[in-house]
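Produce the entire structure from the sequences given, and follow the hints as far as they go.
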Amino acid sequence: MTLDFLEPLLFAVLAAAILGAALAVVLADRVTTSALFMALAFLNMAGMFVLLGAETIAAFQVLIYVGAITVLILYGVMFTPQSPRAYGLFFQKQTPAGALIAALAALPVMAIAFSFRDSGAPPQRGGDLVPLGSSIFTDFAFAFEVAGVLLLAATIGAIALVRRERP
Amino acid sequence: MSLVPLGAFIAVSAALFFIGLGGVLVRRNAIVILMCVELMLNAANLALVAFSRRLGLVDERGSVFVVFVFVVAACEVAVGLAIVLAAYRNRPVIDVDQMAEIRG
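Chains as they are written, first to last, in our numbering: chain A, 1 to 167; chain B, 1001 to 1104.
Honestly, the hints are just simulated from the structure, not real lab data.
Possibly wrong hints are sitting among the right ones.
[Claimed, not checked] Label-pair distances were calculated between CB atoms; the ranges are:
no.: 1; chain 1: B; residue 1: ALA1086; chain 2: A; residue 2: VAL13; range: 39 to 45 Å
no.: 2; chain 1: B; residue 1: VAL1096; chain 2: A; residue 2: GLU7; range: 38 to 44 Å
no.: 3; chain 1: A; residue 1: GLY133; chain 2: B; residue 2: VAL1096; range: 39 to 45 Å
no.: 4; chain 1: B; residue 1: ALA1086; chain 2: A; residue 2: GLU55; range: 37 to 43 Å
no.: 5; chain 1: A; residue 1: THR138; chain 2: B; residue 2: VAL1069; range: 15 to 21 Å
no.: 6; chain 1: B; residue 1: LEU1003; chain 2: A; residue 2: GLU55; range: 17 to 23 Å
no.: 7; chain 1: B; residue 1: ASN1090; chain 2: A; residue 2: LEU6; range: 52 to 58 Å
no.: 8; chain 1: A; residue 1: LEU100; chain 2: B; residue 2: LEU1003; range: 34 to 40 Å
no.: 9; chain 1: A; residue 1: ILE112; chain 2: B; residue 2: ASN1090; range: 41 to 47 Å
no.: 10; chain 1: B; residue 1: ASN1090; chain 2: A; residue 2: VAL13; range: 44 to 50 Å
no.: 11; chain 1: A; residue 1: LEU129; chain 2: B; residue 2: VAL1072; range: 17 to 23 Å
no.: 12; chain 1: A; residue 1: LEU63; chain 2: B; residue 2: LEU1003; range: 25 to 31 Å
Cβ coordinates follow ideal geometry from the N, Cα and C atoms, glycine included.
What follows is the structure, given as structure tokens:
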């Protein structure tokens, strides 16, 4: 019981890293910097999933978000030369209105967020792989197949969109 | 009982969501907007996993939805980047306010 401080400490570190990296994504000048901070936020989110006991989701998070999506976005950055006026972030006409709308929407939600309480039931043990797999392949089997079709359609659509016409 | 309350996880999730929303509204670079959308999706994932693990009375339904959100996020970023690249090839701008000719 002497290690009770460890879980809140880990949570604080992960939460600070996630929110700091997300702010850096929004505020960074260079797009490559934003992409790498996004990868940092996703990696810390995987730690948050482990803290919640969802190890399988954490592994998927590292594989899909930190691996695939970050690399894909970095490729997108490399293929499009960025505009030189990156420093104009705080001098754009939509910045005050956009920030105001986001803050106004955030206030009531943040007030409600802290009011959620645990159910009092003992936390589930044994990881989430077995219940996750049995749910996906029984109750959600049809949705699983549709997700596969969606991935195929997205692959074909992306290839068709960026294909060059042969001369 | 767990040492970190459920409300703390939900608060982090909500804060991350609204940081992403602010980024979508404020930034003009199309690729940065895509990144902020990914952040918002990930915030929703955190809320789903937290509710599923802490309140989940029926096995792990929330985590199943998180898997499908992963699939949709991967599709979205692939198609979104393809659209950005195709638009960039037509006219070499990356800022969304200069892509005005895309509209209807």
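Going through the hints against the structure:
1. B/ALA1086 <-> A/VAL13: 39 to 45 Å: Holds: the Cβ-Cβ distance is about 41 Å, inside 39 to 45 Å.
2. B/VAL1096 <-> A/GLU7: 38 to 44 Å: Since the Cβ atoms of B/VAL1096 and A/GLU7 sit about 42 Å apart, the hinted range of 38 to 44 Å holds.
3. A/GLY133 <-> B/VAL1096: 39 to 45 Å: holds (40 Å)
4. B/ALA1086 <-> A/GLU55: 37 to 43 Å: holds (39 Å)
5. A/THR138 <-> B/VAL1069: 15 to 21 Å: holds (20 Å)
6. B/LEU1003 <-> A/GLU55: 17 to 23 Å: Given a distance of about 18 Å, which is inside 17 to 23 Å, the answer is holds.
7. B/ASN1090 <-> A/LEU6: 52 to 58 Å: For B/ASN1090 and A/LEU6 the Cβ distance comes to about 54 Å; the hint holds.
8. A/LEU100 <-> B/LEU1003: 34 to 40 Å: holds (37 Å)
9. A/ILE112 <-> B/ASN1090: 41 to 47 Å: Since A/ILE112 and B/ASN1090 have Cβ atoms about 44 Å apart, the given range 41 to 47 Å holds.
10. B/ASN1090 <-> A/VAL13: 44 to 50 Å: holds (45 Å)
11. A/LEU129 <-> B/VAL1072: 17 to 23 Å: holds (22 Å)
12. A/LEU63 <-> B/LEU1003: 25 to 31 Å: Since A/LEU63 and B/LEU1003 have Cβ atoms about 29 Å apart, the given range 25 to 31 Å holds.
Comparing the model with each earlier hint shows no violations; every hint is respected.
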